[in-house]
Amino acid sequence: MKTNENSRREFITSGLLASLAIAGCAVKSNPFEPDATAAVGVQPTGEKVKLLSVNGEVIEVDKAFLKPVPDLPTITNAAARVGIAGKKFVMVIDLSRCKSLKKCQSACNHAHQLNPGQNWIKVYPMQDAEHTAPYWEPTTCMHCDEPPCVKVCPVDATFKRQDGIVLIDSDRCIGCRFCMAACPYSSRVFNWEENTTVSKETAAQPYSCETSIPQKKGTVSKCDFCPDMVRKGELPHCVSACPNGVFMFGDILEDTVTNGTETFRFSELMRDKAGYRLMEDLGTKPSVYYLPPVNRNFPYENKEETTK
Amino acid sequence: MKKHNLVSIALILFSCISFASFAQTAAAKKDLVVKLHYFNNNNQMQYLVADTKTKVDGKFQVVPGVTLRFFISGDTTAANYLGSCVTNAKGKALLLIPALAKQEWNKSAIQSFQVISPATKEYEDTKADVSITKAKIKIDTLADRKITAVVMELKDTVWTPVKGVDLKIAIRRLGGDLNVSETQTYTSDSLGMVNAEFKRDSLPGDAKGVLTLVAKAEDNDTYGNISAEIPAAWGVPTTYNSPYDRRTLFARRGHSPIWLELMAYSIIVAVWGVLIYLFIQVRKLKKIGLSA
Amino acid sequence: MENSTKQQIIEDLLPQKFGKQGKIWVVGLSLLCILGAVAYVRQLSKGLIVTSMRDYASWGIYISNFVFFVAISLVGSLITAVLRLTNVKWSTPLTRIAEIIAVSAITFASLIIIVDMGRPDRFYNLFIHGRLQSPIVWDVIVITTYFFISILLLYFPLLPDLQIMIGLKSKTSNFLHKLYVFLGSYWKNTPQQIHISEKAISIMAITIIPVAFAIHTVTSWLFATTYRPGWDSTNFGAYFISGAFLVGAGSVLIAMYVFRTHYNLQKYITNDHFDRMGKVVVMLALLYLYFNVNEFLVPAFKMKKPEEEHLRGLFTGEYAGIFWFAITTAMIIPIVILLFKKGRKPLPAFIAGILVVIGSWFKRYLIVTPTLLHPFLPMRDVPESYKHYFPSWEEWSIAIGSLAGALLVITIFARIFPIIPIQETITENEQHEKA
Numbered sequence: 001m002k003t004n005e006n007s008r009r010e011f012i013t014s015g016l017l018a019s020l021a022i023a024g025c026a027v028k029s030n031p032f033e034p035d036a037t038a039a040v041g042v043q044p045t046g047e048k049v050k051l052l053s054v055n056g057e058v059i060e061v062d063k064a065f066l067k068p069v070p071d072l073p074t075i076t077n078a079a080a081r082v083g084i085a086g087k088k089f090v091m092v093i094d095l096s097r098c099k100s101l102k103k104c105q106s107a108c109n110h111a112h113q114l115n116p117g118q119n120w121i122k123v124y125p126m127q128d129a130e131h132t133a134p135y136w137e138p139t140t141c142m143h144c145d146e147p148p149c150v151k152v153c154p155v156d157a158t159f160k161r162q163d164g165i166v167l168i169d170s171d172r173c174i175g176c177r178f179c180m181a182a183c184p185y186s187s188r189v190f191n192w193e194e195n196t197t198v199s200k201e202t203a204a205q206p207y208s209c210e211t212s213i214p215q216k217k218g219t220v221s222k223c224d225f226c227p228d229m230v231r232k233g234e235l236p237h238c239v240s241a242c243p244n245g246v247f248m249f250g251d252i253l254e255d256t257v258t259n260g261t262e263t264f265r266f267s268e269l270m271r272d273k274a275g276y277r278l279m280e281d282l283g284t285k286p287s288v289y290y291l292p293p294v295n296r297n298f299p300y301e302n303k304e305e306t307t308k
Numbered sequence: 001m002k003k004h005n006l007v008s009i010a011l012i013l014f015s016c017i018s019f020a021s022f023a024q025t026a027a028a029k030k031d032l033v034v035k036l037h038y039f040n041n042n043n044q045m046q047y048l049v050a051d052t053k054t055k056v057d058g059k060f061q062v063v064p065g066v067t068l069r070f071f072i073s074g075d076t077t078a079a080n081y082l083g084s085c086v087t088n089a090k091g092k093a094l095l096l097i098p099a100l101a102k103q104e105w106n107k108s109a110i111q112s113f114q115v116i117s118p119a120t121k122e123y124e125d126t127k128a129d130v131s132i133t134k135a136k137i138k139i140d141t142l143a144d145r146k147i148t149a150v151v152m153e154l155k156d157t158v159w160t161p162v163k164g165v166d167l168k169i170a171i172r173r174l175g176g177d178l179n180v181s182e183t184q185t186y187t188s189d190s191l192g193m194v195n196a197e198f199k200r201d202s203l204p205g206d207a208k209g210v211l212t213l214v215a216k217a218e219d220n221d222t223y224g225n226i227s228a229e230i231p232a233a234w235g236v237p238t239t240y241n242s243p244y245d246r247r248t249l250f251a252r253r254g255h256s257p258i259w260l261e262l263m264a265y266s267i268i269v270a271v272w273g274v275l276i277y278l279f280i281q282v283r284k285l286k287k288i289g290l291s292a
Numbered sequence: 001m002e003n004s005t006k007q008q009i010i011e012d013l014l015p016q017k018f019g020k021q022g023k024i025w026v027v028g029l030s031l032l033c034i035l036g037a038v039a040y041v042r043q044l045s046k047g048l049i050v051t052s053m054r055d056y057a058s059w060g061i062y063i064s065n066f067v068f069f070v071a072i073s074l075v076g077s078l079i080t081a082v083l084r085l086t087n088v089k090w091s092t093p094l095t096r097i098a099e100i101i102a103v104s105a106i107t108f109a110s111l112i113i114i115v116d117m118g119r120p121d122r123f124y125n126l127f128i129h130g131r132l133q134s135p136i137v138w139d140v141i142v143i144t145t146y147f148f149i150s151i152l153l154l155y156f157p158l159l160p161d162l163q164i165m166i167g168l169k170s171k172t173s174n175f176l177h178k179l180y181v182f183l184g185s186y187w188k189n190t191p192q193q194i195h196i197s198e199k200a201i202s203i204m205a206i207t208i209i210p211v212a213f214a215i216h217t218v219t220s221w222l223f224a225t226t227y228r229p230g231w232d233s234t235n236f237g238a239y240f241i242s243g244a245f246l247v248g249a250g251s252v253l254i255a256m257y258v259f260r261t262h263y264n265l266q267k268y269i270t271n272d273h274f275d276r277m278g279k280v281v282v283m284l285a286l287l288y289l290y291f292n293v294n295e296f297l298v299p300a301f302k303m304k305k306p307e308e309e310h311l312r313g314l315f316t317g318e319y320a321g322i323f324w325f326a327i328t329t330a331m332i333i334p335i336v337i338l339l340f341k342k343g344r345k346p347l348p349a350f351i352a353g354i355l356v357v358i359g360s361w362f363k364r365y366l367i368v369t370p371t372l373l374h375p376f377l378p379m380r381d382v383p384e385s386y387k388h389y390f391p392s393w394e395e396w397s398i399a400i401g402s403l404a405g406a407l408l409v410i411t412i413f414a415r416i417f418p419i420i421p422i423q424e425t426i427t428e429n430e431q432h433e434k435a
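As given, the protein sequences belong to chains X, U and C, one line each in that order.
Residue 119 in this note's numbering sits at position 119 of the first sequence, with consecutive numbering throughout.
Residue 202 in this note's numbering sits at position 202 of the second sequence, with consecutive numbering throughout.
Residue 139 in this note's numbering sits at position 139 of the third sequence, with consecutive numbering throughout.
This is chain X alone, in the form it adopts within the complex (with noise of 0.2 Å):
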């Protein structure tokens, strides 16, 4: 347990640990030098960067230190599988600023180089009931807690790892196909052919798990909560693409979620605007969850129908 304190620690302070470093190791020109005993965990590589200061002296900085980070080393399958120490990543969508522009759904489809045609991310026009108001939701994987697709899957192609979210593996994918079928969800899609509109360098790289990346003809993918992204610090792409903030992305454990412009508290958004979780009787346990289309943005046109 003292590894994970160390790792979870290591990645929420490790921007206050570069300057902490680059204090240790410098110039101690700072004033507001924080205080150095709260250095922990980080390893350095002993791989020095000479950087200019603000104050123009040169600071040498170890490479681990940087921060916004660098090039990240290549994860391997083994840690990809495990995942982050110390997080549980957790996704609301405000159903009342979605309009279906659907500018996540390109990003991502971009972004992980899907077939044509296929999505990770779908918009549903959604009605209850007859009289009830028509909505717009968008789903992604709902990298639930309790996975039935993992739970069915033969070889460990599919997994859930300790931050909570839920990764394929392409190389290890038999193409069984069990865990479409275990997907209440529908978030699961299926290579059914060679993709041809991808890149010869994106073909020939290797498979990673966190990227999705190349996608592999006979194995299934999803939505994967971009953790290649998160490593770098970064919002997965569906979130910084919507230009109306619909996705919010953060680790429940910091209790934080944001969307690049506006960060909330995830227990204050939940308790003040109703969330909940899609098909909560299935007990999948979500880690998605959605706040109700109500005092809407945008009133709900739903543009395919009226063309029809």
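Calculated directly from the structure, the hints in this document are not laboratory data.
Among the clues, some could well be false.
What the hints assert, rightly or not - Here are the simulated distance ranges between beta carbons:
id : chain 1 : residue 1 : chain 2 : residue 2 : range
1  : U       : Arg246    : X       : Ala133    : 53 to 63 Å
2  : C       : Val293    : X       : Ala133    : 32 to 42 Å
3  : X       : Lys285    : U       : Lys30     : 33 to 43 Å
4  : X       : Lys285    : U       : Thr67     : 23 to 33 Å
5  : X       : Asp272    : U       : Ala233    : 48 to 58 Å
6  : X       : Lys99     : C       : Thr144    : 48 to 58 Å
7  : U       : Ile276    : X       : Lys285    : 34 to 44 Å
8  : C       : Ile358    : X       : Glu194    : 31 to 41 Å
9  : X       : Ala129    : C       : Ile203    : 56 to 66 Å
Said to hold, decoys possible - Stretches of chain U that chain C covers, calculated by requiring three or more beta carbons in the stretch to come under 8 Å of a beta carbon on chain C:
id : segment
10 : 244–253
11 : 268–278
Note that the structure is a prediction, hence the values are computed from the model and not measured.
All C-beta atoms, glycine included, are put in the ideal place defined by N, C-alpha and C.
Chain X is already provided as a structure; the job is to place chains U and C on it using the hints.
Below, chains U and C alone, put in the same frame as chain X:
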């Protein structure tokens, strides 16, 4: 000098995803719009971020895969060259300001940077610059969960407090910063100072309840993006026991529930015990037959 | 006198060379197999895109066919084990037919499931990365087990017959003689051997019943462990097993008729056999009908929202045609035919058997496809072709090829080995005459 260049080139924010799919064979070269931003984290780490965009069918789109060359001050001479970087999938290129810029940087309290995109097959050559007054923020915590921050700019050679700068006081969070109270921004007074109160009760911190507080000025016309951080043990100590190692139906191989293993293995042993017994009987029959 | 009857029995039951009809049959089946193989090669090179399966209908007739094969293979345990344990003597001539159907079906069940895989080249992952939590791994384990027990249950009673065949060197080809010698030259009919063999057969007859139940229950769990309407049922294990016994018994009726007429075995597979087997099929059809009523009436009474679309699709919607066809052909018409004594004559019983098997195949199709095309969330953001499923020619070729392959295995087995146990028939005949 070469070595530093290489290091800075290596400091590309993202591992580059393929860009070839973007290589369009446009007849006419398109205009590339580049914007340059200056960042100063914690008064130590300084870096530049360039955004690239182009207009496609009347809409702006980011442009990945463009090589950008960064320079300090107005001259794009070899002496002022800081390094180059390729824009990532989001059309951004990031360059940490290397030590070799020291001489030029120390010349003046007001500095400028330039970024150049040489002409390519698709895009016209273009450039952008940013000019900033050197500034820094000092952040400190006081008793009763109060935070103070001071903004100072460099006037000639003296760090002088500045009035009227908008600062955000927030808690560092994954992907974004959570304001410490309902107040969105604080404006510095004549002493360059802002005072904020920490109102996020029972906010989870790390295992010791430590939070990282940050004071920052964003996209300031004069100073660019400057920020400073300080830790404060004002959060609730939080540890997380992931169910990752628990024996569950959704756990990995070798972590199935005991009841399942007991059931499965006892059935397998029983049935295969019978099967092995039967194979032994076949051998026995053979032995008897051969000796008869 | 006694000796001459024995000679006559051996003479009658010896495997026979293919006649003209037989040759046409074998060539026809082989051609179908080759067509299936060609289609599979196409699928291997292009991927599952050659099928009509897509993200919603992610399983198709390969899986229906798999369920069908597993179902048919249960007949081995029904005829050999259940009837043997209940001391039913009339089933003796049918045991080998049932067992070879079982072995052949379970073999092709395993093959067709590999055909359905997106990455058959990674089949070994099941062994090096297998997760005990997954019902697929349970299925792999029980199918392997069932295959071996079925092979043994085929092999032990074959030993005395092999000895007879070895003794008739002049009547068999050189190659077959070598095969018989290789398989059973050590059988000397000593009392000790007979004792061991009989004991082993009884043990197998008991063991194969739970294993047979396990293969089809686990197969039903591939569906029932998901949430989907039409699959989310506690009834599924029993529903599948009753259906499996029915289709297995139906296929035995067909095989009985074909072997009887083709090899002139009227003396051994008698009208009485058809009469009794017909009664068994009626009972099984009624049982399956009972489970069907449970499976559809109970959810239809409640009409929960996710179930509603699925059930309406079956009862009156786009699948109504196939649904009512399957129910009537697999159950209602065979029950009506076989309830009458005249209907249990060989020819009508044979026709009833064919109806049962065809209806059951479509029943398996209905278990897989409509459910997948009625997901919880509506079908959305996919190409139009993803919203429907009709198998492509590659799928049909492979499915038909696999059925032809199973028939071919049975045919070749009957060419090589006596399809009716010679030694057991002789023994029973002796006992009968003594009594």
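Practice task
Run the structure past the numbered hints and jot down the numbers of the failing ones, going up.
Solution key: 1, 3, 4, 5
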